[in-house]
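Now for the letters of each chain:
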Amino acid sequence: MALLDVQNLTVEFPTRRGVLRALDGVSFSIEAGEVLGVVGESGAGKSLTGAAIIGLLEPPGRIAGGRILLEGSRIDDLSQSQLRRIRGRRIGAIFQDPLTTLNPLYSIGRQLIETIRTHLKLSEADARKRAVRWLEEVGIPAAAQRIDAYPHEFSGGQRQRVVIALALCAEPALVIADEPTTALDVSIQAQIIALLKRLARDHGTSVMLITHDMGVIAETADRVAVMYAGRIAEIGPVAEIVRTPAHPYTLGLMGSIPSIEHRVERLAQIDGAMPRLTAIPQGCAFNPRCPRVFARCRIERPDLLPAGATEAACWLHDATIRPLRAAHG
Amino acid sequence: MPAFILSRLLQAIPVLLVVGFIAYAMFAFVGDPVQIMLGQDYTEVQRQALIHDLGLDQPFFVQYAKFMWRAVQGEFGISYRLARPVSGLIAERLPATLELSVTATVLSLAVGLPMGVYTAVYRRSWLARGFMVFSLAGISLPTFLTGILLILCFSVGLGWLPSFGRGEVVHIGAWWTTGFLTLSGIKALILPAITLGLFQMTLIMRLVRAEMLEVLRTDYIKFARARGLTDRSIKFGHALRNTMVPVITIVGLQLGMIVAFSLVTETVFQWPGMGLLFIQSVGVADIPVMSAYLLLIAVVFVVINLVVDLLYYAVDPRLRIERSSAQAGR
Ligand SMILES: Nc1ncnc2c1ncn2[C@@H]1O[C@H](COP(=O)(O)OP(=O)(O)OP(=O)(O)O)[C@@H](O)[C@H]1O
Ligand code: SF4
Ligand SMILES: [Mg+2]
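Residue numbers (our numbering), protein chains in the order written: chain A, 8 to 336; chain B, -18 to 311.
Don't read these hints as lab results, they were simulated from the structure.
The C-beta atom is built at its ideal place from N, Cα and C for all residues, glycine as well.
Some hints could be false.
Straight-line alpha carbon distances no greater than 27 Å define the calculated DSSO-like cross-link-like pairs of lysine-lysine that follow [unchecked claim]:
id: 1; chain 1: A; residue 1: K204; chain 2: B; residue 2: K216
id: 2; chain 1: A; residue 1: K128; chain 2: B; residue 2: K168
id: 3; chain 1: B; residue 1: K203; chain 2: B; residue 2: K216
id: 4; chain 1: A; residue 1: K128; chain 2: B; residue 2: K47
id: 5; chain 1: A; residue 1: K136; chain 2: B; residue 2: K47
id: 6; chain 1: A; residue 1: K204; chain 2: A; residue 2: K136
Cβ-Cβ distance ranges computed for the label pairs, FRET-style [claimed, not checked]:
id: 7; chain 1: A; residue 1: E65; chain 2: B; residue 2: V288; range: 37 to 43 Å
id: 8; chain 1: A; residue 1: E65; chain 2: B; residue 2: A72; range: 55 to 61 Å
id: 9; chain 1: A; residue 1: P67; chain 2: B; residue 2: E195; range: 40 to 46 Å
Examples of chain A residues lying across from chain B (beta carbon under 7 Å, computed) [claimed, not checked]:
id: 10; residue: R96
id: 11; residue: T107
id: 12; residue: K136
id: 13; residue: R137
id: 14; residue: V139
id: 15; residue: C297
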């Protein structure tokens, strides 16, 4: 049984001009100890998927369909107070900008101890010991002294380490990291990713790693989900996604894989832009930009189809018409 | 910390000097004190003698310096109207104004703060909407109208509360009088305190609400939610504390306003405080009383500012720089 199983997840925003469907039938799973990379252009729905899983969609956004299972039991229909007990304890979250994710008025120790004691039955003193241990583990020097320091007394990279400690201090089985390095200095990004990777391995934590950086995905993830316009375009093992992508959109993204020498922050520039939620074309959402588009793409929408080692939402892989991957050359 | 207080006090000195200058300039140039004090019949000798007594024949800056020096010692000259030392008059009236202002302040904070938090946290509830409508009324009604409406309702209509005066007061020590210790004193305080506090109360409520809504949208509140902290801790711990940082300054200044604006309320309710004294003095250009009042209000603002700074210091660790600079670094 997968640790997390997302089935047919649909998220909608009711607006004055009708209902916006921001996620449309997203399905994927994450195994225990696995790192799933999630990539896609801005607005593809990556953050929304994470928010839906931990039950923190901003109203009026709501889960309109599908199921989310954590260790086999549904969590999408839980009450807020039940969800609260899951957040931090079974699913942790790491946000993008460490300069704004820590409460400036509380010492980091206080924030850690509160988080620990919210989820674990520990005395203040034991929680403090645990907090110091976590700070050491994320690489804060002189943790025992610095635990009483305030966020503004740490550098950006150190703050993200503290954020990671906060996300992991109650030992969740899964952590959702939403662009954990985007706001950081380039020189620190690799350290933070390495730290996350090491902690996940040591604690057997699964990671859903949302990023724009294909280089990070290639180094870190076990599997990759490529999102486009609120759906999963392709999902599969990292090696296949990177080397032999089956979906034309993924292929476009990989064209932009930055080499170590020239790291680029954003994903490849594929001609055109992702459609807005109000103007998603009929058929395959990628069809206006797709170099391989053919008649069927403009009429019928493809679901995920087996495409060799991966699954791709693309008619090129409809086994009833063409042999697998043959179209690719 | 003592250095911090000291520097704040030093910064206040120029402010007080400027206000003192204005107060003195008023004293020197508005109306002719000699004329006022002598009345109709006087000889030139009497006039010259008085000018000399008042020091009006000396250079302006000497007069200003003397004025400030005496002010520091609590001497503001003799009231033209009542022919008594101004310091004595002020001392008589100070307790009434302070008791009224403090009561209004406590009232506006004790009601305004929780209402602000409530309307932010339960934004969509009917009670919160009711509070918002009520606050609009409180903000837009002028103080004197509030006072008159309250008098009409509770004094004239229902006859529950007195419409003027301070009730029976009790003397404490040499110069303090209090209305807190008698039933009639407390009854007399209720309407003026509500009148004076209402505007500030609604202002505080709206301010707290706006700041709190802002804070509830921040990343650190989202991250606190994502860590599964309890709703109670997030709203009344993390969010409220951050709300207080901007609120403290504005509320502090507003409380200064309470003391300053008490003169309208004191006039409506014939409350025997400094504001009423000031209004009565304006009518007859009783300059010594007016300038003393002005200086006193300036001192009140300076003290409030100092308290605000100290509170800031207590709430916001980012201001406690000395400690952090020693430990900063990667
Ligand atoms: N409150 C909202 N109301 C309406 N639409 C929303 C709202 N929040 C998000 N969306 C829409 O949902 C879509 C997905 O947003 P999401 O934040 O998940 O994108 P993302 O893939 O994380 O992008 P980025 O890489 O920029 O972070 C976007 O098209 C956005 O316009
Ligand atoms: S379905 Fe058609 S338009 Fe869509 S990605 Fe495949 S080939 Fe391109
Ligand atoms: Mg995002």
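* What are the numbers of the hints that this structure violates, sorted from low to high? -> Per hint list: 1, 2, 4, 5, 9, 12, 13, 14, 15 violated.
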